[in-house]
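Peer 1: Knowing the structure of chain A, use the given hints to seat chain B on it.
2 protein chains.
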Amino acid sequence: MENKRYYGIDIGGTTVKVGLFEDGKLLDKWSVPTVTADGGRQIIPDIAASLRGSADGAALAVPGAVQPDGTVNRCVNLGWGVCRPADEFTALTGIPCKILNDANAAAFGEQRLGGGRGYESVLFVALGTGVGAGVVLDGKLRVGARGTAGELGHMCWDPTDTAARCGCGHIGCVETYCSATGIVRLAAQAGVTGMSCKQVMDAAAAGDSRLEAAVDKACDILGWAIASASNLLDPEAVVLGGGVAQAGEFFRRKVQNAFMKYAFHTCLDIKIGLAALGSDAGMIGSALFAAED
Amino acid sequence: MENKRYYGIDIGGTTVKVGLFEDGKLLDKWSVPTVTADGGRQIIPDIAASLRGSADGAALAVPGAVQPDGTVNRCVNLGWGVCRPADEFTALTGIPCKILNDANAAAFGEQRLGGGRGYESVLFVALGTGVGAGVVLDGKLRVGARGTAGELGHMCWDPTDTAARCGCGHIGCVETYCSATGIVRLAAQAGVTGMSCKQVMDAAAAGDSRLEAAVDKACDILGWAIASASNLLDPEAVVLGGGVAQAGEFFRRKVQNAFMKYAFHTCLDIKIGLAALGSDAGMIGSALFAAED
Chain A
1 MENKRYYGID IGGTTVKVGL FEDGKLLDKW SVPTVTADGG RQIIPDIAAS
51 LRGSADGAAL AVPGAVQPDG TVNRCVNLGW GVCRPADEFT ALTGIPCKIL
101 NDANAAAFGE QRLGGGRGYE SVLFVALGTG VGAGVVLDGK LRVGARGTAG
151 ELGHMCWDPT DTAARCGCGH IGCVETYCSA TGIVRLAAQA GVTGMSCKQV
201 MDAAAAGDSR LEAAVDKACD ILGWAIASAS NLLDPEAVVL GGGVAQAGEF
251 FRRKVQNAFM KYAFHTCLDI KIGLAALGSD AGMIGSALFA AED
Chain B
1 MENKRYYGID IGGTTVKVGL FEDGKLLDKW SVPTVTADGG RQIIPDIAAS
51 LRGSADGAAL AVPGAVQPDG TVNRCVNLGW GVCRPADEFT ALTGIPCKIL
101 NDANAAAFGE QRLGGGRGYE SVLFVALGTG VGAGVVLDGK LRVGARGTAG
151 ELGHMCWDPT DTAARCGCGH IGCVETYCSA TGIVRLAAQA GVTGMSCKQV
201 MDAAAAGDSR LEAAVDKACD ILGWAIASAS NLLDPEAVVL GGGVAQAGEF
251 FRRKVQNAFM KYAFHTCLDI KIGLAALGSD AGMIGSALFA AED
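In order, the protein sequence lines correspond to chains A and B.
At position 110 of the first sequence the residue is numbered 110 (this note's numbering), and the sequence of numbers has no breaks.
At position 225 of the second sequence the residue is numbered 225 (this note's numbering), and the sequence of numbers has no breaks.
Same shape as in the complex, but just chain A (with noise of 0.2 Å):
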């Protein structure tokens, strides 16, 4: 690891970020807008021609699934199909690169230098308009045969819950009550509408009952979800992140409230924290992932 460059790049559906860490440290950060224009083809070039000096290694995170293989199996948000961005990455700068699913990269990012430092077996939860997670057992990030491990959003909560249709086809995934979009939806069957997820979290923190019964409702099939992965994977850390938690201490103490509930007697002391890294997790964790072995 000495003396060697590594750029982390989170690619999202407005920017790229993209920083170059030296030694695990961040010497420089930059972002380049997203031209999701004819199929994306100028991502990778834009984010090419941006970079600054050459590198020992790079990787690439990305907001779809990724394929053990490095193939990439769509990313709607980003105009691309099935497509092999690191490949072209490395062709069009000489530097090795890899490819993760950002919310892997998110995690890997807050498990060494953020919210689950110190900790060797973290889960991740990412709370924004869906709801992603990423595992690592034993200080490895664990992506899963199929590249597709943490789907912990679409666990199914509530079988019968009509009115809680997900995008993936199914009823009552996890997603649709505890993303940002699930607790406006939770407001609105409350009868509040025309609110922002923060707005909501808000004024349920400021005291308004509707609202925070809502709130309530989201955090316990949350802390639910938590406790059941909790007990399949028995983590030392589970961490909260995306813009749902940035509702900070009031989100997570409801949350933990519902692990305590739901979690088997042997993870009760399992840590469940916030995320420290805020939008930058995912490019910090592709450097980090980029200087694996």
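It should be emphasised that the hints constitute simulated quantities derived from the structure, not laboratory data.
Think of the CB as a built atom: it goes at the ideal place given N, C-alpha and C, for glycine as much as any other residue.
Among the hints, erroneous ones may be present.
Unchecked claim - DSS-like mimics (lysine-lysine), calculated; alpha carbons at most 27 Å apart, straight line:
1) K140(B) to K271(A)
2) K198(A) to K217(A)
3) K140(A) to K140(B)
Said to hold, decoys possible - So these bits of chain A aren't anywhere near chain B, every CB distance computed over 10 Å:
4) W30
5) Q42
6) D56
7) V76
8) N77
9) A133
10) A145
11) A163
12) G169
13) D202
14) L233
Peer 2: Relative to the frame of chain A, chain B by itself:
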């Protein structure tokens, strides 16, 4: 591994199964009665006295939680409290000894040489009096930070089903429906009492519609639990073992159908198969574990 010998030792509540393996082949096997009187203090000396020559290593599979440092925290069926049986074994025999949970040992055996052979990432589910599980990812057994990974049996299906009280103190655990005990309970709910799980399965397979509905409910819940676990872990294969799974293809097909109903689309091609090593799985798995780096 060449010409190396390992003992695989599966300690059950009535019998200890001991196998001596050389280069992964079974040379000899025998059993020793489990003497649980007097806090089970004779168990390890009895095993040690039965050994047939020295070996390069051994592993004990035990029916309870094993901490990562080798401490056992109660094995009710053996009479053990907090103890360190592998150290005791080594002190008596001079043979280096590891220790692991019996469901984990069976999972490892089935992944390497049984129903999960050929797959590097396998979820093994043991359906007996209770429901246990073991997780092998990337070719390694993952026992979790506290050694308690795989508690799929204590995922909560229905927190409102007060008829499904679990020994763990919670309500609606998977174990209360999908274990042998759970299936007998569901049969009783359907009005048929006095049957063993095997009798329920046999009658259901022979066309008793009330009992088939009870089995269907158990399989639906198990398929849901396996789908949730698969969404999270993304294994290549799931292996169903334990007494309940001896109902064979009749049972496996029902679980597979339920799995397909609940699994995220990326997981639909996961192979759901039956265990192949029978009651030797723990003995075989512990010998393989003993030989691991």
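Peer 1: Starting from the hint list further up, note which numbers the structure goes against and sort them upward.
Peer 2: 9, 10, 12, 14
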